[in-house]
Amino acid sequence: MSQRHPSALSLERHLADPVGSPVRDHIALCARCSEQLEEMRRQGEEFLRTVYPATVEAVEAAAARRWLPSWLRVPVLAPVTAAAAAAAVLLLLSPAGDGLPPDWGGGVKGFGGVGLAVFGNGGGGARLLGDGEVVRADAALRFRVSLPSPCHLWIVSVDAQGKVSRLFPSEGDGGALAAGRVELPGGAVLDGRPGPERVLAVCTPGPLLYAPLERAVQVATAQGAGAVRALAKLPWLPEGSGQASVLLEKR
Amino acid sequence: MADGRSRAAELYREYGPAVYRRCLRLLRDPEAARDAVQEVFMKLVRDMERLEDRPSVLPWIYRVATNHCLNLRRNAARRGEEGGEAALELAEGRPEADAYPERALAQALLERFDAATQAVAVGVLVDGMEQTELAEALGISRRTVARRLERFLEESRRFLREGAR
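Chains A and R supply the protein sequences, listed in that same order.
All letters in the first sequence, in the order written, are residues 1366 to 1616 by the working numbering.
All letters in the second sequence, in the order written, are residues 351 to 515 by the working numbering.
Don't read these hints as lab results, they were simulated from the structure.
Do not rely on the hints blindly, as some may be mistaken.
[To be verified] Distance condition first, Cα-Cα at most 20 Å in a straight line; then the derived SDA-like pairs of lysine to any residue:
{"no.": "1", "chain 1": "A", "residue 1": "Lys1598", "chain 2": "R", "residue 2": "Asn417"}
{"no.": "2", "chain 1": "A", "residue 1": "Lys1615", "chain 2": "A", "residue 2": "Val1529"}
{"no.": "3", "chain 1": "A", "residue 1": "Lys1474", "chain 2": "A", "residue 2": "Phe1484"}
{"no.": "4", "chain 1": "A", "residue 1": "Lys1598", "chain 2": "A", "residue 2": "Arg1580"}
{"no.": "5", "chain 1": "R", "residue 1": "Lys393", "chain 2": "A", "residue 2": "Val1421"}
{"no.": "6", "chain 1": "R", "residue 1": "Lys393", "chain 2": "A", "residue 2": "Ala1419"}
{"no.": "7", "chain 1": "R", "residue 1": "Lys393", "chain 2": "A", "residue 2": "Ala1429"}
{"no.": "8", "chain 1": "A", "residue 1": "Lys1598", "chain 2": "R", "residue 2": "Ser356"}
{"no.": "9", "chain 1": "A", "residue 1": "Lys1615", "chain 2": "A", "residue 2": "Phe1484"}
{"no.": "10", "chain 1": "A", "residue 1": "Lys1598", "chain 2": "R", "residue 2": "Lys393"}
{"no.": "11", "chain 1": "A", "residue 1": "Lys1598", "chain 2": "A", "residue 2": "Ala1587"}
{"no.": "12", "chain 1": "R", "residue 1": "Lys393", "chain 2": "A", "residue 2": "Arg1406"}
{"no.": "13", "chain 1": "A", "residue 1": "Lys1598", "chain 2": "R", "residue 2": "Arg508"}
{"no.": "14", "chain 1": "R", "residue 1": "Lys393", "chain 2": "R", "residue 2": "Asn417"}
{"no.": "15", "chain 1": "R", "residue 1": "Lys393", "chain 2": "A", "residue 2": "Pro1418"}
{"no.": "16", "chain 1": "A", "residue 1": "Lys1528", "chain 2": "A", "residue 2": "Pro1559"}
{"no.": "17", "chain 1": "A", "residue 1": "Lys1615", "chain 2": "A", "residue 2": "Gly1557"}
{"no.": "18", "chain 1": "A", "residue 1": "Lys1598", "chain 2": "R", "residue 2": "Glu399"}
[Stated by the list, open to error] What follows is a set of in silico ranges between Cβ atoms, one per label pair, in the way DEER data are often shown:
{"no.": "19", "chain 1": "A", "residue 1": "Gly1409", "chain 2": "R", "residue 2": "Glu461", "range": "25 to 35 Å"}
{"no.": "20", "chain 1": "R", "residue 1": "Asn425", "chain 2": "A", "residue 2": "Gln1526", "range": "15 to 25 Å"}
{"no.": "21", "chain 1": "A", "residue 1": "Glu1400", "chain 2": "R", "residue 2": "Ala437", "range": "33 to 43 Å"}
{"no.": "22", "chain 1": "R", "residue 1": "Ala466", "chain 2": "A", "residue 2": "Pro1559", "range": "53 to 63 Å"}
{"no.": "23", "chain 1": "A", "residue 1": "Ala1419", "chain 2": "R", "residue 2": "Thr482", "range": "31 to 41 Å"}
{"no.": "24", "chain 1": "A", "residue 1": "Asp1390", "chain 2": "R", "residue 2": "Lys393", "range": "30 to 40 Å"}
{"no.": "25", "chain 1": "A", "residue 1": "Arg1594", "chain 2": "R", "residue 2": "Arg424", "range": "26 to 36 Å"}
{"no.": "26", "chain 1": "R", "residue 1": "Asp464", "chain 2": "A", "residue 2": "Glu1400", "range": "41 to 51 Å"}
{"no.": "27", "chain 1": "A", "residue 1": "Arg1594", "chain 2": "R", "residue 2": "Asp385", "range": "38 to 48 Å"}
{"no.": "28", "chain 1": "R", "residue 1": "Arg404", "chain 2": "A", "residue 2": "Gly1552", "range": "37 to 47 Å"}
{"no.": "29", "chain 1": "R", "residue 1": "Glu360", "chain 2": "A", "residue 2": "Arg1507", "range": "36 to 46 Å"}
{"no.": "30", "chain 1": "A", "residue 1": "Gln1583", "chain 2": "R", "residue 2": "Glu504", "range": "52 to 62 Å"}
We treat Cβ as the ideally placed atom computed from N, Cα and C, and that holds for glycine.
With the hints as constraints, model all of the structure from the sequences given.
And the structure:
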């Protein structure tokens, strides 16, 4: 047994991973270190029993205030440029509500009261596509969203290769100011490559620049096709954001 | 952001005990440690991605908590509050600690040094860390650790021999 006792940090590492601990043998033979570990465990239990319940709310609030990771934070908080402000268009206003309006008309109900409907061109005209539905790899799409209150809207899509496509708005930055039930002008044509493609509608209380949004989508789907299919909710959006997404399987 | 909040709560449950232990060790007062652990974690969650990085998270937590608690001690000592003067027990079995003439590291002595040197002295003499391990935890070179420790030991011996002037 080494005459030198492990440091406080080594003992912390041992507590976190006793199996892979390089000081495991020393501790097994050292009464002093074993006692110290017992005391550390007792202090940890004391923290969980008395300190954690009384303080966790403040920590959660601090995390919420932070609201964006460093790689997503800077551009969002920057002043909106004149060009971006000019590009922001109030599309349609309707009374705010907590959920989707009664005349929503179908589509995917997402988070924060946001709904997204994707329509594909079929033989008899536009058809509402279901989540996970198989579509032609070069299908033409249109979109409709339902938003509970005025917000800055982005529609983007991502494929298995991590390619993020900007669908709406096509110009400007910060997202288009929108509210209510909105039939989006224009549309999109799929790229013809088979595989999953997820369409996301993101609705933020303040302007969200495209670059950090694109990065957030790329990070969330970095594991490829499985991640695109599994993505239930895009993380790291500002507090008060809503979102909805529809998965399409291109064949 | 609900996701960020709940993840922060999970990470606080996982790593809060380590921060709490660190604060108890340096502040030697459960009430002060209870306040400090919350303040430290509010700093840590500003960089949540780093908290998720398991291999490097403990040294980082150690550094942030150490700096925060030493700062609290300095402030308390300057205000003449109880706790600010509490001595820190030296680690056993460390040659560097043996070279230090007292069995406890006094706040009055620590205060004579800048924050970076204080962190080195506490890391080696109180926490019993190897210089390499401490260098990694503090994000500085081992040579810097050695230099600061040498300076600390030299000046503290002189201070203890001659007394404060």
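Here is what the structure says about each hint:
For the hint pairing Lys1598/A with Asn417/R, the CA-to-CA distance comes to about 37 Å; that exceeds 20 Å, so the pair is violated. For the hint linking Lys1615/A to Val1529/A, the alpha-carbon distance of about 16 Å falls within 20 Å, and the restraint holds. Of the supplied pair hints, the one linking Lys1474/A and Phe1484/A holds, its CA atoms being roughly 15 Å apart against a limit of 20 Å. Distance hint between Lys1598/A and Arg1580/A is fulfilled; the C-alpha atoms sit about 15 Å from each other, no more than 20 Å.
For the suggested pair Lys393/R and Val1421/A, the alpha carbons sit about 13 Å apart, so the restraint of at most 20 Å is met. Among the hinted pairs, Lys393/R with Ala1419/A is consistent with the structure: their alpha-carbon atoms are about 18 Å apart, no more than 20 Å. For the proposed pair Lys393/R and Ala1429/A, the alpha carbon gap of about 13 Å is at most 20 Å, so the pair holds. Note on Lys1598/A and Ser356/R: the hinted pairing holds, with a Cα-Cα distance of about 14 Å set against a maximum of 20 Å.
The straight-line distance between the Cα atoms of Lys1615/A and Phe1484/A is roughly 14 Å, inside the 20 Å bound, and the hint therefore holds. The straight-line distance between the Cα atoms of Lys1598/A and Lys393/R is roughly 26 Å, outside the 20 Å bound, and the hint therefore fails. The suggested pairing of Lys1598/A with Ala1587/A holds, with an alpha-carbon distance near 14 Å, which does not exceed 20 Å. Restraint check for Lys393/R and Arg1406/A: not satisfied, since their Cα atoms lie roughly 24 Å apart, outside the 20 Å limit.
For the hint linking Lys1598/A to Arg508/R, the alpha-carbon distance of about 62 Å lies beyond 20 Å, and the restraint is violated. Note on Lys393/R and Asn417/R: the hinted pairing holds, with a Cα-Cα distance of about 12 Å set against a maximum of 20 Å. Taking the CA atoms of Lys393/R and Pro1418/A, the gap is about 18 Å. The hint holds against a cut of 20 Å. Between Lys1528/A and Pro1559/A the alpha-carbon distance is near 13 Å, which keeps this suggested pair within the 20 Å criterion.
Under the criterion of a C-alpha separation no larger than 20 Å, the hint pairing Lys1615/A with Gly1557/A is consistent with the structure, at around 8 Å. Proximity of Lys1598/A to Glu399/R is assessed by CA-CA distance (about 18 Å); at most 20 Å being required, the pair is judged to hold. Remark: the range hint 25 to 35 Å for Gly1409/A to Glu461/R is upheld by a beta-carbon distance near 31 Å. Range check, Asn425/R to Gln1526/A: about 54 Å between beta-carbon atoms, so the 15 to 25 Å window is missed.
Between Glu1400/A and Ala437/R the Cβ separation comes to about 21 Å, which falls outside the hinted range of 33 to 43 Å. Hint check: Ala466/R to Pro1559/A, Cβ distance near 58 Å, so the stated range 53 to 63 Å holds. At roughly 38 Å, the beta carbons of Ala1419/A and Thr482/R sit within the given window of 31 to 41 Å. Taking the beta carbon of each, Asp1390/A and Lys393/R are about 35 Å apart, inside 30 to 40 Å as hinted.
Separated by about 54 Å at the C-beta atoms, Arg1594/A and Arg424/R break the suggested range of 26 to 36 Å. Taking 41 to 51 Å as the suggested C-beta distance range, the pair Asp464/R and Glu1400/A does not conform, at roughly 35 Å. Checking the proposed 38 to 48 Å range against Arg1594/A and Asp385/R shows it holds: the Cβ atoms sit about 46 Å from each other. Between Arg404/R and Gly1552/A, the C-beta spacing of about 44 Å keeps the proposed range 37 to 47 Å intact.
Between Glu360/R and Arg1507/A the CB atoms are about 40 Å apart, so this pair conforms to the stated range of 36 to 46 Å. A hinted range of 52 to 62 Å holds for the C-beta pair Gln1583/A and Glu504/R, which are about 53 Å apart.
Checked against the numbered hints above, the structure breaks hints 1, 10, 12, 13, 20, 21, 25, 26 and satisfies the rest.
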